[in-house]
Amino acid sequence: MAPVTFLEAIKQAMFEEMERDPAVVLLGEDVGVYGGAFKTSEGLLERFGWERVIDTPISESAIIGAACGMSYLGLRPIAEMQFIDFILCAFNQITNFVAKGHYLWGAPAPIVIRGPSGGGVHGGPFHSANPEMYFVHTPGLKVIYPSTPYDAKGLLKAAVRDNNPVLFFEHKFLYRRIKEELPAEDYTVPIGKAVVRREGRHLTILSYAAMMHTSLEAAEQLAMEGIEAEVIDLRTLLPLDEETILDSVKKTNKVLVVHEDTKTGGIAGEIAAILCEKAFSDLDGPVFRVTALDTPVPYAPPLEEYFLPNKEKVLHAARELARY
Amino acid sequence: MTSGITRQQHLDLYYFMKLNRAVEDTMVKLFRQNKIVGGLYGSLGQEAISVGTAYALEKKDWLAPMIRNIGALLVKGVPPRDIFMQHMAKYGSPTLGKDGTSHFGDLENLHIVSPISMLGDLIPVMAGVAIAGRYLGQKIVTMTWIGDGGSSTGVFHEGLNFAAVQKAPFVLILENNLWAYSTPVRRQVPLENLADRAKAYGIASYIVDGNDVAAVYQTSKEAVDRCRAGEGPILIEAKTFRRLGHAQHDAAEYVPKEMRAYWEARDPIALHEKFLTSEKLLDANGKAEIEKKIDTLLAAERDFAENSPSPPPELAAQGVYCEGCHTPKPKWERPIAEVTPPKSSIEAVWTVEGFGRGKGSRGANAPIHFGDTPAVVGKPVSERKPVAKSSAKKPAKAAAAAASRKARR
Amino acid sequence: MAVDIVMPQMGESIFEGTITKWLKKPGDKVERDEPLFEISTDKVDAEIPSPSAGVLKEIKVGEGQTVPIQTVVGVIDVAGSSAAATASAKAETPKLAPAPAKTPAPAPKAAPPAATAAGAPAAERHDGERIHSSPLVRRLAKEHGIDLTTVPGTGAGGRISKEDIMAAIGGGASAGTTAAPARAAAPPPPPGVSGGQAHVAFETAVPREKIYFGHYEVQPMTAMRQRIAEHMLASKRVSPHVYSVDEIDMTKIAALRSKTKDEFEKRHETKLTFMPFFVRAAAEGLRAFPTLNASLDGINVVLHKEINIGIAVALDWGLIVPVIRNADEKNFLGIQRALNDLAERARSKKLKPDEVQEGTFSITNPGVFGGLFGLPVISQPNVGILGLGAIEKRPVVINDSIAIRSMCYVTLSYDHRVVDGAIAHQFLHKVKETLENWSESVL
Chain S
1 MAPVTFLEAI KQAMFEEMER DPAVVLLGED VGVYGGAFKT SEGLLERFGW ERVIDTPISE
61 SAIIGAACGM SYLGLRPIAE MQFIDFILCA FNQITNFVAK GHYLWGAPAP IVIRGPSGGG
121 VHGGPFHSAN PEMYFVHTPG LKVIYPSTPY DAKGLLKAAV RDNNPVLFFE HKFLYRRIKE
181 ELPAEDYTVP IGKAVVRREG RHLTILSYAA MMHTSLEAAE QLAMEGIEAE VIDLRTLLPL
241 DEETILDSVK KTNKVLVVHE DTKTGGIAGE IAAILCEKAF SDLDGPVFRV TALDTPVPYA
301 PPLEEYFLPN KEKVLHAARE LARY
Chain B
1001 MTSGITRQQH LDLYYFMKLN RAVEDTMVKL FRQNKIVGGL YGSLGQEAIS VGTAYALEKK
1061 DWLAPMIRNI GALLVKGVPP RDIFMQHMAK YGSPTLGKDG TSHFGDLENL HIVSPISMLG
1121 DLIPVMAGVA IAGRYLGQKI VTMTWIGDGG SSTGVFHEGL NFAAVQKAPF VLILENNLWA
1181 YSTPVRRQVP LENLADRAKA YGIASYIVDG NDVAAVYQTS KEAVDRCRAG EGPILIEAKT
1241 FRRLGHAQHD AAEYVPKEMR AYWEARDPIA LHEKFLTSEK LLDANGKAEI EKKIDTLLAA
1301 ERDFAENSPS PPPELAAQGV YCEGCHTPKP KWERPIAEVT PPKSSIEAVW TVEGFGRGKG
1361 SRGANAPIHF GDTPAVVGKP VSERKPVAKS SAKKPAKAAA AAASRKARR
Chain F
2001 MAVDIVMPQM GESIFEGTIT KWLKKPGDKV ERDEPLFEIS TDKVDAEIPS PSAGVLKEIK
2061 VGEGQTVPIQ TVVGVIDVAG SSAAATASAK AETPKLAPAP AKTPAPAPKA APPAATAAGA
2121 PAAERHDGER IHSSPLVRRL AKEHGIDLTT VPGTGAGGRI SKEDIMAAIG GGASAGTTAA
2181 PARAAAPPPP PGVSGGQAHV AFETAVPREK IYFGHYEVQP MTAMRQRIAE HMLASKRVSP
2241 HVYSVDEIDM TKIAALRSKT KDEFEKRHET KLTFMPFFVR AAAEGLRAFP TLNASLDGIN
2301 VVLHKEINIG IAVALDWGLI VPVIRNADEK NFLGIQRALN DLAERARSKK LKPDEVQEGT
2361 FSITNPGVFG GLFGLPVISQ PNVGILGLGA IEKRPVVIND SIAIRSMCYV TLSYDHRVVD
2421 GAIAHQFLHK VKETLENWSE SVL
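Chains as they are written, first to last, in my numbering: chain S, 1 to 324; chain B, 1001 to 1409; chain F, 2001 to 2443.
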């Protein structure tokens, strides 16, 4: 079978889930006739019709609110944010209404909110965001941020079948750059499980999404220098797979967290705190972070490059940590 | 506005308004006895709206109240004990003490969606419930309420617009009680009639005297029937007055005395009672019987509620996620084959009237500018026929006229 | 019964109120909800209805006085009012269940293990220069008894690295590769604890590292389990336990029960068990020997006038001790009903906080799980607990011949500070006598 892009994997997941279960519907801006701003839903309207693929007004709060209401009747809506930056327009609806429903009054809201995120494509300050941590801080949500076509498809299917509201971030830098052969049969990837992408013994690099690939490239280079880095793909940020992280730290005793989100309040800080609480006496060095700067995402290519983490920045930090 | 309402319906409306007020009176006592946790928000003088609107719904229909719509909850079948226990943060309450006031729902049986404090959020949610109901073939109507103040939130407009383009079977009751906390409606909205909000979304609207329960019911019933028939969402502005403060702590001294006196003389329960007496639908015995029934019911419900324990502290850590405790499943009332391929498959192309179609002129229907009705090419926008039923205007006017007649009565 | 009248909180930001007028005088009768007094606060003035029916017994805060919210401003005597009102008034004060031991646990002598393992202060070299290492290095040094001042550091800035300490341990074993992950693996933190703040109930008798070996699964204690642990630890620490055992011939009771059990259930719609017999017998024993129906406060023995018997109920998720109040005043049916009701609500988590409070003595029944007998830990603040063994047929010598009798071992654990052996055995004898010569009707 031919290798499949990250974007195609997402389309396949939606197509197969809608084929499998008539309770699955898609709504969002330009998802129907146009097939989505990135063509992730191309062909779905033709196959499933106007009632199941709904072009909406530019109203993120209404999209999320309506998806939530639909889920109360047993539907499993997928709500697309045209760019994930716009999810903040629906912040209240998600964090105050959708996320709290099950805890407060026992109302599960099986909805998936997905959309293209991340920088590195010169999208500028309003089309490059990584807003995952606003939602990782919100009990009641699950937050997924995959890095491979296999995981994207398997996790999106798992998200559709999950009874909780799941936020699914799709790094648009990966959409057409990463390809992989996928199994022909139906499969899911469990939510809340990290995976070891590369084994190593000198230090652990924790990462996700586009930065996972940057971290793997850096690890290859480090290996040539005699530093064996273990690379872990977090895949799900909420709930975080502490077990896999702690197991690796017991082995390597040193940790570097790499993410494209800005530094303050990023998941690296949370991971550092978890390590202090649960693995302090396993640490043979401080927890290092390589992240974006604490600024908005700038537009001009040299500015954005300076802003984002990259292989060189990861290498620099990893070497320093190994030497510590 | 009372034709076509049976005696029993008149008496039901009376009973539920009385029950609504008695439940709130009891809660004022509980509050002052320090038995209620947090604030207490009353609907004194607005009972006709909660009761008359919800009474127009069928059992299968869905509603989502605002905090003051206790009457709507009672009409939908919520026992008073649940309302008491919610306010007292008891373990036996529908939310087990995790939330208070009218903040609870019931997806399974009563079809109630819990409100939250951020006003307007329920509008798209109830539009979504309505769209899902239509998709599943359930022929339901959904209803929620908003205040004059809440109609200024962004999500009110997003939600109503979304419902309108989707022609969702959804009724929005706009309770104009003239005060948003301490700010008068004139400082909230520069409109004489808030029903005019509907014009912006091309949907039908009504204006009704919110203190005339029969009028409220009849208008709501008509709206619900039109929604069920597929006419799309409808907005009803019910004009009334908030006789209490925002909550128990608020003496509402910012309200002019004369204004309060005017509305106190138009108490919805007293008005309806007067009507029932003059039409010989209710006598002194009947009234005493209803009052006794309510007293007996509430005494028992209150005792039950007061004796419910507080929740165990550990409960605080439980229930954030559904971990198999629920199995959401749609109830299909139409053939699934209609929404699955091959039947669901279509030619996904917009057609623009007078200009042909996208993608090489294949295809299906599509609009120009707005709505699903093909526009007449060549005429300025202002001369085109409005998209929604223009009949909207008539009932609104009729209702307003009826309201002023009532007011003079 | 007296019910407090409190200054209500009339809004989220209100913290005090002024009494402007009392509408009743002490001695006046009041109905529930009848206006009692008027108050004025920053935001609102209100008339406050009476929380209960009864007689206004006392006014504690007079007109014109301003007091914080929740202050008791008066008292109503509700003698003769309904039980429901009493219960509801009580239920208003949420309490933790079960009650944690009141005695503050003494500070642990040993430093919390997490701190011992990793928190040792940075040592200094003999020349006074601070040694740079890491939490991992300090833990390994401690485990292997290595003085870090003797280990040369090769890491950044002369820091002692993992490789350095491994070399010192292994007598020159080379970096990293020989570190046995299983040995080096640190234990997970104490359950439910962040940042190594070990709870007193979680002290361990050995270094924590010695607990984790081989394959294992770590199950964090539930909140309830933690409270049981605290409670048991405190009880054992505070009360010198002595144990006495006696044996009771239950043949008569067993026969009576099997004869009447169906009729009992039919008539009263509740099951007839052995437990009410023991509760009755214990109540008799406590009435005869009140020293066992007591608590100790320093050098004062507090003799309780009520006999409130706690019954240990095993739950799938722990243990709870609901209390039968005034057990000595209840008839047999009343005791059985209370037992079944409390046990059922314990299992469905519907117990009210005050139903697990104020026990004066307890009974536990390990026999139900087949135990010959058990030596229970005293449930504080009691001074005694009765343990029931399994009732089973045994050969017994009666009048020099061997008979088959239904026998049961009962044990009494008691606090020797308050109770001596003589009293304990006499109490057990009273229990035995009551059961062996049972005369009360059960139907």
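Check before you lean on any hint, since a few could be wrong.
When the alpha-carbon atoms are kept at most 25 Å apart in a straight line, the in silico PhoX-like pairs for lysine-lysine are as follows [as the list claims (entries may be wrong)]:
| id | chain 1 | residue 1 | chain 2 | residue 2 |
| --- | --- | --- | --- | --- |
| 1 | S | Lys313 | S | Lys251 |
| 2 | B | Lys1329 | B | Lys1018 |
| 3 | F | Lys2021 | B | Lys1098 |
| 4 | F | Lys2349 | B | Lys1098 |
| 5 | F | Lys2060 | S | Lys251 |
| 6 | F | Lys2305 | B | Lys1029 |
| 7 | B | Lys1029 | F | Lys2430 |
| 8 | B | Lys1059 | B | Lys1329 |
| 9 | S | Lys250 | F | Lys2029 |
| 10 | S | Lys250 | F | Lys2352 |
| 11 | F | Lys2430 | F | Lys2305 |
| 12 | B | Lys1029 | F | Lys2021 |
| 13 | F | Lys2142 | B | Lys1029 |
| 14 | B | Lys1018 | B | Lys1274 |
The hints are simulated quantities; they were obtained by calculation from the structure and are not laboratory data.
### Task
Run the structure past the numbered hints and jot down the numbers of the failing ones, going up.
Violated hints: 2, 3, 5, 6, 7, 9, 10, 13; rest satisfied.
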